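K.L.:
Listed here are the chains, written in short residue letters.
Protein chains: 2
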Amino acid sequence: MGGPEVERLIGLLAKLPGMGPRSARRAALKLLQQPEGRMLPLATALADAARAVKACGICGNLDSQDPCTVCSDPHRDRSVICVVEGVGDLWALERASVHRGVYHVLGGTLSALSGVGPEDLNVTSLLARVQAGGVTEVILALGATVDGATTAHWLTDRLRPSGVAVTRVAQGVPIGGALDVLDDGTLAAALRARRA
Amino acid sequence: MGGPEVERLIGLLAKLPGMGPRSARRAALKLLQQPEGRMLPLATALADAARAVKACGICGNLDSQDPCTVCSDPHRDRSVICVVEGVGDLWALERASVHRGVYHVLGGTLSALSGVGPEDLNVTSLLARVQAGGVTEVILALGATVDGATTAHWLTDRLRPSGVAVTRVAQGVPIGGALDVLDDGTLAAALRARRA
Chain A
362 MGGPEVERLI
372 GLLAKLPGMG
382 PRSARRAALK
392 LLQQPEGRML
402 PLATALADAA
412 RAVKACGICG
422 NLDSQDPCTV
432 CSDPHRDRSV
442 ICVVEGVGDL
452 WALERASVHR
462 GVYHVLGGTL
472 SALSGVGPED
482 LNVTSLLARV
492 QAGGVTEVIL
502 ALGATVDGAT
512 TAHWLTDRLR
522 PSGVAVTRVA
532 QGVPIGGALD
542 VLDDGTLAAA
552 LRARRA
Chain B
362 MGGPEVERLI
372 GLLAKLPGMG
382 PRSARRAALK
392 LLQQPEGRML
402 PLATALADAA
412 RAVKACGICG
422 NLDSQDPCTV
432 CSDPHRDRSV
442 ICVVEGVGDL
452 WALERASVHR
462 GVYHVLGGTL
472 SALSGVGPED
482 LNVTSLLARV
492 QAGGVTEVIL
502 ALGATVDGAT
512 TAHWLTDRLR
522 PSGVAVTRVA
532 QGVPIGGALD
542 VLDDGTLAAA
552 LRARRA
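Chains as they are written, first to last, in the numbering used here: chain A, 362 to 557; chain B, 362 to 557.
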């Protein structure tokens, strides 16, 4: 319905994460009912962001400036690098305002199953940043998955010669989480890492 | 995160039906990772659709041609007009391919609570279409709500002098629906409208 332009728009909207064919149709209809107020501003915002945003040459963050807002902030502690899998993880940590150092985006995790090797990740640039000096700690904030753990182990081995402290984010019961709904792996990790 | 262009994009995406701040952020991130492959095509599709799509001068459907695809189709039965609340209802009926006549989009229902009166709906154009002749039946395909029923009653009164048959879509148990999960109103309507 609505002609080829609308079908094309619905097809593209349906590919967004969290959207499907039905919600894409609803969204398209909503937009079409306010072409000036909603649709053209969204088209402009998409084109603007696509033109403005690029990957930071230092850490790999996506930002409209290069170096990114974090890397160019004089108040950030450059001696602590937090290594994350993707830009989404970096944004989540920034939203929580829990890290005052800088970041490094790996761009994935090692995965034998998906054929992701060290050469597919931004490892060389991380080692170069550490070897350039001034770094005292590398925090590995990788997911608590098999691939995340493999990558963390492998990175720890690679970083050891440089002498920096390599730490990993804690695993355990999420804040606000009830014990009875947690999986066995999390319960075991939380019990093992118990503190006085 | 990501600069003002990204924040603006997230804000606009979050207003789409079915999206919220979190899913908008995820969608923006996904788009930013493929600016050429996903983001610019979506921007173009939005601008194209906004430019191409307009309301049909006859029925009120949204389409890239005016009169719309339905109204300009020579195979449609112009003697049966199906009256719907919104364009989304029209599209749903078209997807199901259950109506071979034409449509009329009211643009809402009468609602004392929201202050929607007859002058806010496309009623004059509907009466004009019926009075122009050639119409034998008007099907009221309005929602089974209080406002939908009020509007149907009111429209039936207005259409009676013209002599056309005014029918309403049946209410009852939805196909594939189990009786025990249905509300009392639907059960009562289904029982009342029982057939041999």
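Don't read these hints as lab results, they were simulated from the structure.
Predicted, not measured: the structure shown is a model, and the values here were computed from it.
Please note that a few of the clues may not be correct.
As the list makes no split between identical chains, a pair holds if one copy fits it or if it spans any two.
Below, in silico cross-link-like pairs of lysine to aspartate or glutamate (DMTMM-like), each with a Cα-Cα straight-line distance of 25 Å or less [claimed, not checked]:
| # | residue 1 | residue 2 |
| --- | --- | --- |
| 1 | Lys-391 | Asp-438 |
| 2 | Lys-415 | Asp-545 |
| 3 | Lys-376 | Glu-397 |
| 4 | Lys-376 | Asp-438 |
| 5 | Lys-391 | Asp-450 |
| 6 | Lys-376 | Asp-544 |
| 7 | Lys-391 | Asp-545 |
| 8 | Lys-391 | Asp-427 |
| 9 | Lys-415 | Glu-480 |
| 10 | Lys-391 | Asp-508 |
| 11 | Lys-415 | Glu-368 |
| 12 | Lys-415 | Asp-481 |
K.L.:
For Lys-376 vs Glu-397, is the C-alpha pair at or below 25 Å within one copy, between two copies, both, or neither?
P.N.:
Both. Shortest intra-copy (24 Å) and inter-copy (15 Å) distances satisfy the 25 Å Cα cut-off.
K.L.:
How would you label the pair Lys-391, Asp-450 (within, between, both, or neither) given a Cα cut-off of 25 Å?
P.N.:
between (31 Å within a copy, 13 Å between copies)
K.L.:
How do Lys-376 and Asp-544 come out at 25 Å by Cα distance, when the copy is not named: within, between, both, or neither?
P.N.:
neither (31 Å within a copy, 35 Å between copies)
K.L.:
Under a CA distance limit of 25 Å, which applies to Lys-415 and Glu-480: within one copy, between copies, both, or neither?
P.N.:
within (21 Å within a copy, 51 Å between copies)
K.L.:
Up to 25 Å between alpha-carbons, please classify Lys-391 paired with Asp-545: within, between, both or neither.
P.N.:
Answer is neither: 44 Å inside a copy and 32 Å across each miss the 25 Å cutoff.
K.L.:
With 25 Å as the alpha-carbon cut-off, assign the pair Lys-391 and Asp-438 to within, between, both or neither.
P.N.:
Result: close neither inside a copy nor across copies, 45 Å intra and 29 Å inter.
K.L.:
One pair to classify: Lys-391 and Asp-508, alpha carbons no more than 25 Å apart. Within, between, both, or neither?
P.N.:
between (41 Å within a copy, 21 Å between copies)
K.L.:
Between copies, within a copy, both or neither: which fits Lys-415 and Glu-368 at Cα up to 25 Å?
P.N.:
between (30 Å within a copy, 15 Å between copies)
K.L.:
How do Lys-415 and Asp-545 come out at 25 Å by Cα distance, when the copy is not named: within, between, both, or neither?
P.N.:
neither (41 Å within a copy, 56 Å between copies)
K.L.:
When no copy is specified for Lys-376 and Asp-438, does a C-alpha distance of 25 Å or less occur within a copy, between copies, both, or neither?
P.N.:
Classified as neither: same-chain Cα gap 39 Å, cross-chain 36 Å, threshold 25 Å.
K.L.:
For Lys-391 vs Asp-427, is the C-alpha pair at or below 25 Å within one copy, between two copies, both, or neither?
P.N.:
between (36 Å within a copy, 20 Å between copies)
K.L.:
Checking an output row: Lys-415 and Asp-481, CA cutoff 25 Å. Within, between, both or neither?
P.N.:
Within. Shortest intra-copy distance 19 Å satisfies the 25 Å Cα cut-off; inter-copy 48 Å does not.
In summary, the numbered hints that this structure violates are 1, 2, 4, 6, 7.
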